[in-house]
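Those protein sequences? They're chains A and B, same order as listed. Sequential numbering from 462 applies to the first sequence in my numbering. Sequential numbering from 46 applies to the second sequence in my numbering.
Derived by calculation from the structure, the hints in this document are not laboratory data. The beta carbon of each residue, even a glycine, is placed where N, CA and C say it ideally should be. Don't take every hint at face value.
Using C-beta positions, here's what the derived DEER-type ranges look like [said to hold, decoys possible]:
id, chain 1, residue 1, chain 2, residue 2, range
1, B, Lys193, A, Leu823, 36 to 44 Å
2, B, Phe213, A, Lys625, 27 to 35 Å
3, A, Val748, B, Phe228, 20 to 28 Å
4, A, Leu609, B, Ala229, 20 to 28 Å
5, B, Cys114, A, Leu768, 52 to 60 Å
6, B, Glu138, A, Trp878, 50 to 58 Å
Straight-line alpha carbon distances no greater than 25 Å define the calculated PhoX-like cross-link-like pairs of lysine-lysine that follow [said to hold, decoys possible]:
id, chain 1, residue 1, chain 2, residue 2
7, A, Lys625, A, Lys871
8, B, Lys236, B, Lys123
9, B, Lys225, B, Lys236
10, B, Lys169, B, Lys211
11, A, Lys871, B, Lys206
12, B, Lys251, B, Lys241
13, A, Lys683, B, Lys169
14, A, Lys683, A, Lys605
15, B, Lys112, A, Lys683
16, B, Lys193, A, Lys867
17, B, Lys241, A, Lys608
18, B, Lys112, A, Lys602
19, B, Lys251, A, Lys599
20, A, Lys602, B, Lys123
21, A, Lys683, B, Lys123
22, B, Lys182, B, Lys206
23, B, Lys144, B, Lys245
24, B, Lys144, A, Lys605
25, B, Lys123, B, Lys215
26, B, Lys241, A, Lys683
27, B, Lys123, B, Lys171
28, A, Lys683, B, Lys171
29, A, Lys608, B, Lys144
30, B, Lys236, A, Lys608
31, A, Lys608, B, Lys245
32, A, Lys867, B, Lys206
33, B, Lys112, A, Lys599
34, B, Lys193, B, Lys180
35, A, Lys605, B, Lys112
36, B, Lys236, B, Lys251
37, A, Lys605, B, Lys123
Stretches of chain A that chain B covers, calculated by requiring three or more beta carbons in the stretch to come under 8 Å of a beta carbon on chain B [as the list claims (entries may be wrong)]:
id, segment
38, 662 to 673
39, 681 to 693
40, 723 to 736
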Amino acid sequence: MAASPHTLSSRLLTGWVGGCVWYLERRAMQESPHKFMHLFRNINKQWITFQHFNFLKRMYVTQLNRSLNQQVKPKPEPVTSPFLEKTSSGQAKAEVHELRPISPPSLPLSRKANEKELIELESASVIEASIDVGNATKEEKQWKEMKLHVDDLPGILARLSKIKLTALVVSTTSAGFALAPGPFDWPCFLLTLLGTGLASCAANSINQFFEVPFDSNMNRTKNRPLVRGQISPLLAVSFATCCALPGVALLTWGVNPLTGALGVFNIFLYTCCYTPLKRISIANTWVGAVVGAIPPVMGWTAATGCLDAGAFLLGGILYSWQFPHFNALSWGLREDYSRGGYCMMSVTHPALCRRVALRHCLALIGLSTAAPILDVTTWTFPVISLPINLYISYLGFRFYRDADRKSSRKLFFCSLWHLPLFLLLMLTCKQPPGGGSDKGEPQS
Amino acid sequence: MLPECRAGSPASLSRLESRDLNDRQTCTGDRKAEDYMWSRANQLFCWASPLLPCCWCQVSRFCPPRKSCYDWIGPPDKCSNLRPVHFYIPENESPLEQKLRELRQETQEWNQQFWANQNLTFRKEKEEFIHSRLKAKGLGLRAESGQKATLNAEEMADFYKEFLSKNFQKHMYYNRDWYKRNFAITYFMGKVALEKIWNKLRLKQKKTIN
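Chain A with its partners taken away, still in its complex shape (with noise of 0.2 Å):
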């Protein structure tokens, strides 16, 4: 909104219209505040003191720093799409410029002065008057009632549940069930997904509950049902509510108590833990690890009962794989995060946050080689998930060195196909049961 003004300022002052700015503003500066304030006052002096001042305005627009604009800070540069979220704006950004035809101000002026000016201005005047009508207009078009309409409840509640990271979560659970050992049972495989995903929708809720203010102050989460007033604190609440309860109890009726146990466990880490924690400590991100980690430990303990030395593994794998993720998308979000006062380590120890992504690439690849001596997979599975191992090893390795967003942007996206890939390549080579008896074939 502030660049419009500036633009259309510029254009106006070619030609004939320069010199009787120049004047005008130099009149206008040498005049003190109160005097500005006393035309204020006058009620029915408004169109002319409009458009005097509108004029005065796009005086002090072009003469002033750009940097003394209302914008807080430059655009960054475009962020990464993390976690699948969307971050596209929607808000409505109609351009409306009326021109209408003003009429001469009726009423004299305190000061003759002005009067002059205003008549020199008038042709000006009206263009600028006009088009800052049509600014103004546009800016209060920008303001919504906070009204809920009910068919835009889906779509609000499905971006306040984080949608898509919850399908990521729903998928790694799916995965941990698929390779635990053991008849696949359907109605247990849909009972998990399903209290799984409520469980994510609802910590999900109530993170962004949390969250409010300082979503608004990243460009990343700018655009969410809270910041923009879609939903009100109450009806989050409540929605996370009704989504946790009964996810849980799913879980814990339909499926077994370990496996309720750890959804609990999860919502309580997620939200009460690293919520809070990623304005206090780097520790944050240790624990959004375990975060990530436990939703296939939970797909395995729903599978067999038991949480073995295969759910173990499988939580090892995502636990590692969170860091080369997260890492590098926070590289590029430093300046977010050091004004809105997370404390990450890309911002607080630079140099430790490439090594930790670094090591837990190079994890990944002892993990892969643990899978076959725990009876979870074959031992092609190590052999065939090398190549991608290596590669993002190596892309951990350049982000390490170059410590640029260049390679914090390959290794981010790399990660996105990275885990998808693994899994699936997991599940190709799950150990076939033993013994001949009854198992399902491996899920892909």
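Fit chain B to the supplied structure of chain A, relying on the hints for placement.
For chain B alone, coordinates are given in the frame of chain A:
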């Protein structure tokens, strides 16, 4: 000092339905006239005085249509990035509703002040950092192309780290207060919702009896 919210229909405000000063839904119905400026005059005052930093301006004083019985939310503020809310005051506002509204209003102003100050300080200190680094390098503030000289992300990293640690305590206090306020607002919202449901049920009961 500030002009009153006026009646009449200037071109840009003609879209709004009512400019009646006595109408509760307009500016003066719920606030003192001096608190409100004609939105454009407000902006003009701000722009006309180069001495005032942008964040000292009042947010655009939008007046919702008379028929609306809802709160209205505006575009993000240029200084704080927070969206201002214009709260609706119903005619039969209960004490609980009033308490909630005042709490939300006060929290909004508190948040606005914090983030406007935070963002302004960040920008100012960032500029100072850039200037000092460029000076240390022996470079001018403008590159050869005439554009403003900047430092790359790695050079800025020192500033980001320093700024974060400098404001750590401030953020701790803010976080604590924000969590308290957020919970309080949500709690009162819940109470108000229950109160409304209860009143509706009582009204229904009365109607069925009659």
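Evaluated hints:
no., hint, in the structure
1, B:Lys193 to A:Leu823: 36 to 44 Å, "holds (42 Å)"
2, B:Phe213 to A:Lys625: 27 to 35 Å, "holds (32 Å)"
3, A:Val748 to B:Phe228: 20 to 28 Å, "holds (22 Å)"
4, A:Leu609 to B:Ala229: 20 to 28 Å, "holds (22 Å)"
5, B:Cys114 to A:Leu768: 52 to 60 Å, "holds (54 Å)"
6, B:Glu138 to A:Trp878: 50 to 58 Å, "holds (55 Å)"
7, A:Lys625 to A:Lys871, "holds (21 Å)"
8, B:Lys236 to B:Lys123, "violated (33 Å)"
9, B:Lys225 to B:Lys236, "holds (16 Å)"
10, B:Lys169 to B:Lys211, "holds (14 Å)"
11, A:Lys871 to B:Lys206, "holds (24 Å)"
12, B:Lys251 to B:Lys241, "holds (15 Å)"
13, A:Lys683 to B:Lys169, "holds (23 Å)"
14, A:Lys683 to A:Lys605, "holds (16 Å)"
15, B:Lys112 to A:Lys683, "violated (30 Å)"
16, B:Lys193 to A:Lys867, "holds (23 Å)"
17, B:Lys241 to A:Lys608, "holds (17 Å)"
18, B:Lys112 to A:Lys602, "holds (16 Å)"
19, B:Lys251 to A:Lys599, "violated (47 Å)"
20, A:Lys602 to B:Lys123, "holds (16 Å)"
21, A:Lys683 to B:Lys123, "holds (13 Å)"
22, B:Lys182 to B:Lys206, "holds (21 Å)"
23, B:Lys144 to B:Lys245, "holds (20 Å)"
24, B:Lys144 to A:Lys605, "holds (24 Å)"
25, B:Lys123 to B:Lys215, "holds (22 Å)"
26, B:Lys241 to A:Lys683, "violated (32 Å)"
27, B:Lys123 to B:Lys171, "holds (18 Å)"
28, A:Lys683 to B:Lys171, "holds (22 Å)"
29, A:Lys608 to B:Lys144, "holds (21 Å)"
30, B:Lys236 to A:Lys608, "holds (19 Å)"
31, A:Lys608 to B:Lys245, "holds (20 Å)"
32, A:Lys867 to B:Lys206, "holds (21 Å)"
33, B:Lys112 to A:Lys599, "holds (21 Å)"
34, B:Lys193 to B:Lys180, "holds (14 Å)"
35, A:Lys605 to B:Lys112, "holds (14 Å)"
36, B:Lys236 to B:Lys251, "holds (22 Å)"
37, A:Lys605 to B:Lys123, "holds (17 Å)"
38, 662 to 673, "holds (count 3)"
39, 681 to 693, "holds (count 5)"
40, 723 to 736, "violated (count 0)"
Hints 8, 15, 19, 26, 40 from the list above are not met by this structure, while the remaining hints are.
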